Amino acid sequence: MAPSHAPEQVARRPRLQCLFYAILAAGLGLAWQTTLVHKLYNGNWSALFYHGVFGNSVPNDPAFAGTYLFPADFGFDGQYYRVVAHDPFRTRDYLPFIERPVMRYRRILIPMMAYAFAWGRQPNIDGGFFAAILIFLGLGVYWLGRYAALYGRTAKWGWAFLLAPATLAGLERGAIDMALTALTVGFALYVREQSRYRLLLVLILAGLCRETGLCLIAGCAAASVLEKNWERLAVSCASLVPTLAWYGFVHLRTPPDHSSNLMRIPLTDLVDSLLHHDVSYIKTGGPLVQAMYYAAVFGMLLAFAFTIRLVWKGWTSPEGLAALAFTMTGLLLQPAGLWVQPYHFGRVLAPVLVLLGLEYFRTGAWKKIVPLCIVSPAILLVSLATALRLVKHLRM
1 MAPSHAPEQV
11 ARRPRLQCLF
21 YAILAAGLGL
31 AWQTTLVHKL
41 YNGNWSALFY
51 HGVFGNSVPN
61 DPAFAGTYLF
71 PADFGFDGQY
81 YRVVAHDPFR
91 TRDYLPFIER
101 PVMRYRRILI
111 PMMAYAFAWG
121 RQPNIDGGFF
131 AAILIFLGLG
141 VYWLGRYAAL
151 YGRTAKWGWA
161 FLLAPATLAG
171 LERGAIDMAL
181 TALTVGFALY
191 VREQSRYRLL
201 LVLILAGLCR
211 ETGLCLIAGC
221 AAASVLEKNW
231 ERLAVSCASL
241 VPTLAWYGFV
251 HLRTPPDHSS
261 NLMRIPLTDL
271 VDSLLHHDVS
281 YIKTGGPLVQ
291 AMYYAAVFGM
301 LLAFAFTIRL
311 VWKGWTSPEG
321 LAALAFTMTG
331 LLLQPAGLWV
341 QPYHFGRVLA
351 PVLVLLGLEY
361 FRTGAWKKIV
371 PLCIVSPAIL
381 LVSLATALRL
391 VKHLRM
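Quick note on numbering: the sequence shown equals residues 1 to 396 in the UniProt record's numbering.
Honestly, the hints are just simulated from the structure, not real lab data. Everything numeric in this text was worked out from a predicted model, so none of it was measured. Worth double-checking, as some hints may not be accurate.
Stated by the list, open to error - Subject to a maximum C-alpha distance of 27 Å in a straight line, what follows is the list of computed DSSO-like cross-link-like pairs (lysine-lysine):
#1 Lys228 to Lys313
#2 Lys392 to Lys39
#3 Lys367 to Lys156
#4 Lys367 to Lys313
Produce the complete structure using the sequences and hints provided.
Here it is as structure tokens:
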């Protein structure tokens, strides 16, 4: 006779396997970062924040001394979140070094984790930032493996998180979008497991990660109303409190930002980018990059179409309505430059692709992962270029 605890051991096995994969993924992510830093950037870890010489410069403080500046470049978003991490409570005069400071400060999750991990010690905050990124890399792999195992598939599916549009951007350029992508997977997992406390935590973190994280809260709340699940609705509403409190703090302590113009005519930025695609960011392989850009735009629009159609046909679960909220965000809100290149819209709107892709595990409909498979290669191309630079350097 089998021991009575055998079912528990069977249930625990995928969790341990997923945990092992998560730790291994975080280790591999750190190894990749270390290789890039020492082989391409002369051991200067600040290069992973991608400061550009044409950007907003850096504070004249010891913590920023020796910052690596990319020549002939405006840099990337990670440079601003690094500055926020060094002053999360607005006690220093760092605003001139942050583009759209109100928006950056609202996205406090990763910067605050960096500050907390370093206990506020300025020399250690950059290391805390990298640790936060690696934690969400591991969580993304863990949660995706758990979700796959929930529907009888191998936990090795967790490794697919490495191919998500925002993952490598987080490792190589300090982008915070990987955290929300991971939290999206965790959201889907805990909705299915009906784990209300874990779901509450994920929703709180999503709201503090970036504004689009509110789409998860909105989707969960709307589905709860439709299903008359009042307990989950209470969880959704409660998760808003920390985000609203933080937003209030930011708006009290930070001058208003009038440079953000989101409420323009829908799709204007997309249409303008398609008709007058700015190719200035393309350094090599112009025709290939151009072709992959248009393919990625098609893939994202396909994801929008799939989502709207599925919701119309009854995909009114928290995941479905959250995907619809992300879709409406992509269609109706038009921040300048969102559609300029896949590295922008691909990582910002990655949760739509992920929520659709997760439906493959639940329903077996492989068509739902097609948009993800179309968009991701255009973003991986950037990391491929970095890898080729690394190979070239090693041959010298």
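Do the hints match the structure? See the list:
The hinted pair formed by Lys228 and Lys313 meets the criterion: a straight-line CA distance of about 20 Å does not exceed 27 Å. With a C-alpha separation of about 10 Å, the suggested pair Lys392 and Lys39 falls inside the 27 Å cut-off, and the hint holds. A threshold of 27 Å between alpha carbons decides the hint, and for Lys367 with Lys156 the separation of about 20 Å falls inside it, so the pair holds. With a CA separation close to 16 Å, the supplied pair Lys367 and Lys313 stays within the 27 Å bound.
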